[in-house]
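Visitor: Take a look at the letters that make up each chain.
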Amino acid sequence: MRNPLADVPVPLLDDLIDDEYVRSLVVGVVGTLGVLGLLGLLFPGSVAGDLAGIVFSTGTAASTARLAAPIVLAGLGGIFAEKSGVINIGLEGLLIISAFASVYIASVIGIGNAVLGVPAIWIGFLAGIVASTLLAGVFGVVCIEFKADQIIAGLAVWLIALGLAPFMSTVFFGGVNTPNLGASVGWRYSAVMVLVATVASWWTLNRTAFGKHLQASGENPKALDTVGVSVSRVRYAGVLLSGVLSGVGGSALALSIGQFVGSGETMVQGKGFIAIVAYLFGNYNPLGTLGAGVLFAGLDATQIRLQQLGYAIPDTLVQTIPYVVVIVVLALVGRTRIPAAAGDHYETEE
Amino acid sequence: MNPAVHLDGITKRFPGVVANDDVDLAIERGSVHALLGENGAGKTTLMNVLYGLYRPTEGTVVVDGEPRSFASPRDAIDAGIGMIHQHFMLVDPMTVWENVVLGNEPRTWGGLRVDEEAAREAVVELSERYGFDVDPDATIADVSVGEQQRVEILKALYRGAEVLIMDEPTAVLTPQEVEELYGVFEELTDQGKTIIFISHKLGEALSAADEITVLRNGVNVGTVASGDVTREELAEMMVGREVLMEPATTPQEPGDRVLGVTDLRVEDDRGVEAVSGISFELRAGEVLGIAGVDGNGQSQLVEAITGMRKPTSGSIEYLGESMAGATRREHIDRGMAFVPEDRHEKGLVMSYDLVQNGILGSQHDPPFASGGRIDWNASTEHAESVIEAYDVRPPNPDADAESFSGGNQQKFIVGREFERNPDLVVATHPTRGVDIGSTEFLHERLLELRAEGKAILLVSSKLDEVQGLSDRLAVIHEGEFSGVVDPATVTEEEIGLLMAGETLADETVSGAAIHDSVDDGLGGGGADGGDGGAGSDRETAADGGVDA
Numbered sequence: 001m002r003n004p005l006a007d008v009p010v011p012l013l014d015d016l017i018d019d020e021y022v023r024s025l026v027v028g029v030v031g032t033l034g035v036l037g038l039l040g041l042l043f044p045g046s047v048a049g050d051l052a053g054i055v056f057s058t059g060t061a062a063s064t065a066r067l068a069a070p071i072v073l074a075g076l077g078g079i080f081a082e083k084s085g086v087i088n089i090g091l092e093g094l095l096i097i098s099a100f101a102s103v104y105i106a107s108v109i110g111i112g113n114a115v116l117g118v119p120a121i122w123i124g125f126l127a128g129i130v131a132s133t134l135l136a137g138v139f140g141v142v143c144i145e146f147k148a149d150q151i152i153a154g155l156a157v158w159l160i161a162l163g164l165a166p167f168m169s170t171v172f173f174g175g176v177n178t179p180n181l182g183a184s185v186g187w188r189y190s191a192v193m194v195l196v197a198t199v200a201s202w203w204t205l206n207r208t209a210f211g212k213h214l215q216a217s218g219e220n221p222k223a224l225d226t227v228g229v230s231v232s233r234v235r236y237a238g239v240l241l242s243g244v245l246s247g248v249g250g251s252a253l254a255l256s257i258g259q260f261v262g263s264g265e266t267m268v269q270g271k272g273f274i275a276i277v278a279y280l281f282g283n284y285n286p287l288g289t290l291g292a293g294v295l296f297a298g299l300d301a302t303q304i305r306l307q308q309l310g311y312a313i314p315d316t317l318v319q320t321i322p323y324v325v326v327i328v329v330l331a332l333v334g335r336t337r338i339p340a341a342a343g344d345h346y347e348t349e350e
Numbered sequence: 001m002n003p004a005v006h007l008d009g010i011t012k013r014f015p016g017v018v019a020n021d022d023v024d025l026a027i028e029r030g031s032v033h034a035l036l037g038e039n040g041a042g043k044t045t046l047m048n049v050l051y052g053l054y055r056p057t058e059g060t061v062v063v064d065g066e067p068r069s070f071a072s073p074r075d076a077i078d079a080g081i082g083m084i085h086q087h088f089m090l091v092d093p094m095t096v097w098e099n100v101v102l103g104n105e106p107r108t109w110g111g112l113r114v115d116e117e118a119a120r121e122a123v124v125e126l127s128e129r130y131g132f133d134v135d136p137d138a139t140i141a142d143v144s145v146g147e148q149q150r151v152e153i154l155k156a157l158y159r160g161a162e163v164l165i166m167d168e169p170t171a172v173l174t175p176q177e178v179e180e181l182y183g184v185f186e187e188l189t190d191q192g193k194t195i196i197f198i199s200h201k202l203g204e205a206l207s208a209a210d211e212i213t214v215l216r217n218g219v220n221v222g223t224v225a226s227g228d229v230t231r232e233e234l235a236e237m238m239v240g241r242e243v244l245m246e247p248a249t250t251p252q253e254p255g256d257r258v259l260g261v262t263d264l265r266v267e268d269d270r271g272v273e274a275v276s277g278i279s280f281e282l283r284a285g286e287v288l289g290i291a292g293v294d295g296n297g298q299s300q301l302v303e304a305i306t307g308m309r310k311p312t313s314g315s316i317e318y319l320g321e322s323m324a325g326a327t328r329r330e331h332i333d334r335g336m337a338f339v340p341e342d343r344h345e346k347g348l349v350m351s352y353d354l355v356q357n358g359i360l361g362s363q364h365d366p367p368f369a370s371g372g373r374i375d376w377n378a379s380t381e382h383a384e385s386v387i388e389a390y391d392v393r394p395p396n397p398d399a400d401a402e403s404f405s406g407g408n409q410q411k412f413i414v415g416r417e418f419e420r421n422p423d424l425v426v427a428t429h430p431t432r433g434v435d436i437g438s439t440e441f442l443h444e445r446l447l448e449l450r451a452e453g454k455a456i457l458l459v460s461s462k463l464d465e466v467q468g469l470s471d472r473l474a475v476i477h478e479g480e481f482s483g484v485v486d487p488a489t490v491t492e493e494e495i496g497l498l499m500a501g502e503t504l505a506d507e508t509v510s511g512a513a514i515h516d517s518v519d520d521g522l523g524g525g526g527a528d529g530g531d532g533g534a535g536s537d538r539e540t541a542a543d544g545g546v547d548a
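As you go down the protein sequences, you meet chains A and B in turn. Okay, so the first sequence: first residue is 1 according to the UniProt record's numbering, each after it adds one. Okay, so the second sequence: first residue is 1 according to the UniProt record's numbering, each after it adds one.
Only chain A is shown next, with the shape it has when bound in the complex (with noise of 0.2 Å):
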């Protein structure tokens, strides 16, 4: 079936997006967004209306930008790290560990210190890259050197940011959580990050001769490798783009708030894997990634502020709201193509 939402005509959007998918994708959401807030508009007191006022409320909008950081940003590092041929499902991980230690560091300069006239706060932010970064750059070895599992070295990945992050701050700072740091970076912040880093990506990908090569390592390597271009080189670059992104995610999570939660699933919450999810759904596209991100983060932040109105609906059900749209949402636009030699590993003759 071919799905009613690509031949929705909109111009400008054709010269931006050639995938019929991704474009149904943004369609989509602006769409219901746009249909959500006339109806609002017309009928004020009615359920729209109250789901209108929450969806385009300075609030929502605030804690969208804030839960959708970590998710676009991991989703665009795992594009790097899929397109090159390495899956990589630790994004989690590398979300966990910055956001410890982009606390971490900035507690121990000390909040109103700075180094060479950066704030602490963004010293702390650099320090959230470095370790995911550093912790991608394992997995890399792992994986492209060793050859290991791609989805075992994945979950590694995870299991030890999930077990290392809540230690090192029960060794530094007496308990899973850290004390707040009294400061953060505003959510507009996080809004401004998101966007360059998707339209950065998006050019990266499309527009430069790495973002062939990137192509090309994904999809058959020994295309490339046949034409003089290293594919470890390659994997390795999009493996650390990942650890890039991500910190700038996993950073960008803990300093809006201050403070690092390391009970239960960390203050990450699996929003790494709901970035696999985002940057499947939006078929490795960063503009169609950017879209399925803040439709899940919009939707957690709706779903939330709408528990508080009081309607007489178990929270419960509510909660399954982001959810039920999304699996409406796949089922409208279809399926996506994964790289042909994703998840396997390339070995260059003699």
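Bear in mind the hints are in silico, worked out from the structure with no lab data behind them. Think of the CB as a built atom: it goes at the ideal place given N, C-alpha and C, for glycine as much as any other residue. Incorrect hints may appear among the rest.
[What the hints assert, rightly or not] Between beta-carbon pairs, the in silico distance windows are:
1) A:Phe146 x B:Gln191: 46 to 54 Å
2) B:Asp137 x A:Leu42: 43 to 51 Å
3) B:Ala138 x A:Gly117: 50 to 58 Å
Given chain A, work out where chain B should sit, using these hints.
Guide: Chain B in isolation, oriented as in the chain A frame:
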């Protein structure tokens, strides 16, 4: 003037194997040079040395009068050598121009952007110069195999290749595409490019090359001009002894009836009737050949007989018993051997080694199984004996099936099935992709089975094969036998008529029409023992892995 390429005393040793032994080879600029040899003669190894994939153990590569030492293909590319592999190195979801410039993208904006316009222009300019018809914006997955090959050639030309090495370039092409490729060869050599192509097909070397060098067991047997040599002489150079282009069959009185097929009707996967009322009987010690253009119901007929497809009506009687409702396993247990037409889909499990593949179909039976356990020692011995008897190279039972070249996979399947001690052998294209020396051996073995009193049903699109081996030859057309003839007396024209659905009494069909139908159906028939009808021999991705 220096030759374009001069290989001077190249020796390449692998642990335990000498793949190339002191090979000298000089290739003139602007010529087409065929490198001919059987599977495993060292052709591909030699070319990998020239392309920098392997370093020679001894000897030097001289390009354009200058001795070179290539550490990687990159160096060879820089020296103007391009290689077009048998399995194309293209990225399916990318466009033609993206593939052509991959790794050497023209860039603008300080390297931050691929200069698409320049890249597209370069591709268009190159394809116009050499008369290629390719759309730079087409996606590789959407274009034909012939076009993909031209994209590969463009890739090499874009990198400044003066010498193009092509590994088995016709293996994946249709006859029409082969003709186009020969045209491309001419266009390229006219403009001073040099072409070396690897082949094990005599006809191809004779029609496309200016000079032919024959390799045998890693040694250069000789270089000849293609005008000065006959098929028979080339075959002898390749194999090292005189080759019987026609198998010698002796008259033999057939024994009891083994297979009786009565008014058989079979549908294909789409529910269309593919076999429309075929009846025949096959007796012990007899070879019944079935000739016909591919897709006239041969596959469905064979599948019905071997128990892989349920006939819609009619009966199949085997050794005096009806086979109606018998499972595939019962067919095997009752002594029916089967060489399938698609070796990847039905003949082998690609990710299994030869030991495992060797017991497929016999995995329940002694000596390979006892009490639900598989006896791996007996299985390994069996695989080794098949490998030795059927000359499967490299002789390594522990290697996965997918690492063998197509011809060697085929030899292993045929060996496994022939050594099952069957009463009936159903063989479909048994020598597809197999080189001429081994083809000769398989034919001899088939005739030995016949002498032992086995019944053999042979389906092949190689006319010389079915004609030379069969006691009776049935020609199939649109699911029916258009005639059953004596292969010793029938002419090629008559078979061509039958394949086109005519009857032999009808003399009104013109000679041209006869030849058309023969060409369509049989491709290069003749003595091209290394390969069969070019149209049907589409090698697939796992072929050609080992050719050392």
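Visitor: Work down the list of hints and note, for each, if the structure agrees.
Guide: Status of the hints after comparison with the structure:
1. A:Phe146 x B:Gln191: 46 to 54 Å: Hint holds: Cβ distance 48 Å, inside 46 to 54 Å.
2. B:Asp137 x A:Leu42: 43 to 51 Å: Cβ of Asp137 of chain B to Cβ of Leu42 of chain A: about 46 Å, so the range 43 to 51 Å holds.
3. B:Ala138 x A:Gly117: 50 to 58 Å: holds (54 Å)
Of the hints listed earlier, there is not a single one the structure fails to meet.
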